[in-house]
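Order-wise, the sequence lines are chains A and B. Position one of the first sequence corresponds to residue 1162 (the numbering used here), numbered consecutively onward. Position one of the second sequence corresponds to residue 2 (the numbering used here), numbered consecutively onward.
The hints are simulated quantities; they were obtained by calculation from the structure and are not laboratory data. The beta carbon of each residue, even a glycine, is placed where N, CA and C say it ideally should be. Treat the hints with care, since some could be wrong.
As the list claims (entries may be wrong) - Pair by pair, the computed Cβ-Cβ distance ranges are:
| no. | chain 1 | residue 1 | chain 2 | residue 2 | range |
| --- | --- | --- | --- | --- | --- |
| 1 | B | A56 | A | D1196 | 24 to 30 Å |
| 2 | B | R39 | A | G1239 | 37 to 43 Å |
| 3 | B | K59 | A | E1320 | 26 to 32 Å |
| 4 | A | S1383 | B | R29 | 47 to 53 Å |
| 5 | B | V38 | A | E1234 | 39 to 45 Å |
| 6 | A | E1295 | B | A3 | 55 to 61 Å |
As the list claims (entries may be wrong) - Quick look at which bits of chain A chain B covers, simulated, 3 or more residues with Cβ under 8 Å:
| no. | stretch |
| --- | --- |
| 7 | 1263-1272 |
| 8 | 1330-1341 |
| 9 | 1363-1376 |
Residue strings, one per chain:
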Amino acid sequence: MRVGVITFPGTLDDVDAARAVRHADGEAVALWHADHDLKNVDAVIVPGGFSYGDYLRAGAIARFAPVMREVVEAAGKGMPVLGICNGFQVLCEAHLLPGALTRNDRLHFVCRDQWLRVENNETAWTSRYDRNAEILVPLKSGEGGYQADESTLAELEGEGRVVFRYVGGNPNGSRNEIAGITSANGRIVGLMPHPEHAIDALTGPTDDGLGIFLSLLDAVVSA
Amino acid sequence: MARVVVDVMPKPEILDPQGQAVANALPRLGFDGITSVRQGKHFELEVADDVDDAALAKIAETFLANPVIEDWVVTRIDA
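This is chain B alone, in the form it adopts within the complex (with noise of 0.2 Å):
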């Protein structure tokens, strides 16, 4: 088994509304110098030793992400 952690963060060129409202949010709770904050999401996988590179590449393009507005990164994490 290895953990598989797949990243899917909104396209830079898709308006992120909720990145913007916790950005407003920091000054507010007294936290300055935050200049953008964006959110996406974390997918941590436990994966069977035979699933390959292009197999979770396929999940990550067709399920976790949809590649119309988010970019997606696929990292192995070595036990």
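Extracted from the complex, chain A is given alone in its bound form (with noise of 0.2 Å):
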């Protein structure tokens, strides 16, 4: 399993996103912002951090880098997208994953290990997790509230493609607590909380992230 981990000018969680991916067996493919192909890789996982300094809005830059082009083209395909943190914004501005993510609502960053309910196991990335389960990772970010209107809401809830979804609280002022969705077709996934920081008790607050790339192992491998 070859699974590209794209780094943008800023992405800060790039190393722990590849050292998930081996955790699960895969192998880390680096992929440049600039670079145009994705060098034959199975899946692409859009980390979290910074890109472009977020400047104009968070994503809305990396949007438009050469990768994204092919990151676009191999999702319309089926290819297994995820987006985390800063990932998930750069992928709702390529209208790969629907709605926005904005200002937490009490202006705070928040950084602290949050407890979240896989609501949808049925996902390329969610697969090894019972439903309902609750797992607790690290959330940081200062933009996670999550934005959509009426409409995709419905839709989003209707589908059952809320897959994670904020336990204990909103941190951010998320719309219906949504954590993380995905896409119809259940191949794309972006959440705000960092499962790759918790795959390994001793690095993180438990190993509850494992599972997103275990999933991944499986999806590709049947596939």
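Once you've looked at the hints, go ahead and assemble the two chains, each given alone in its own frame, into the complex.
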């Protein structure tokens, strides 16, 4: 399993994302923002950080990076894509996922371990979880408030496309306590919290996040 | 060359915590009577004469603003 991990100028969490891939017995393949090909990877992770300094809007400039043109094309053919934190913002800006992420409602940068409920375990990235399992992973973001119009929210809820929901209070003003969503085909997932920081009890609060990367292994092997 | 201004504002139904924080600070600073503040972005573009309104609208809609959460207005400023 070859998993591309994109680095934009300002990306922070590419190293941990690559480490998480290796923990799941995958091969992490470094992709640079200026690359015009995806190096034959089976899936792509758009990691967290502050791509292009979050100038204009978080993810707004990364969306136009050469490598994202390839990601959008590959996603259209069903390649699994995961966006974490800033990566989620990039996927929304690229219209691979609906909605947008906005400034946290109380303006504070939130940095803490956060409980999430896995409400959809039929995506390419969540099959290893039990439905409604609760997992504890770090959340660290200043613009994590998920926003979408009413019809989009109704569609996401109606189709079971809310994958992760915050448990124990809404940390950032996200509509419907949404922490992560998926595309209609269940191949693209974006979430604000950081499963790649919770793959090993030595370095994270839990190893609850590892299931994301093991799920991908199953999805790629069965494809 | 022409000067073009693009104003980008959060949609009315979108919570604007930054604007609220400014509004909440005003009374503390002794400025009373301000009931609401919305915070947006103001872009000033120097534009060649052959850039038409459709191109400017596309720039605003696809890049300077995110239409999911923001409204935008393009204004040409006469020299």
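Against the structure, the hints:
1. For B/A56 and A/D1196, the hinted distance range of 24 to 30 Å is satisfied, since their beta carbons lie about 29 Å from each other.
2. The hinted window of 37 to 43 Å between B/R39 and A/G1239 holds, with their beta carbons roughly 41 Å apart.
3. Taking 26 to 32 Å as the suggested C-beta distance range, the pair B/K59 and A/E1320 conforms, at roughly 31 Å.
4. For the pair A/S1383 and B/R29, the beta carbons lie near 59 Å from each other, so the given range of 47 to 53 Å is not met.
5. In this structure the supplied range 39 to 45 Å holds for B/V38 paired with A/E1234, their Cβ-Cβ distance being about 42 Å.
6. Between A/E1295 and B/A3 the C-beta distance comes to about 57 Å, which sits within the given range of 55 to 61 Å.
7. Coverage of the stretch 1263-1272 of chain A by chain B holds in this model, with 6 residues showing a Cβ closer than 8 Å to a Cβ of that chain against a need of three.
8. Residue count for the stretch 1330-1341 of chain A with a Cβ under 8 Å from a Cβ of chain B: 1. That is fewer than the three needed, and the coverage hint is violated.
9. Under a criterion of three residues with beta carbons nearer than 8 Å to beta carbons of chain B, the stated coverage of the stretch 1363-1376 of chain A fails, only 0 such residues being counted.
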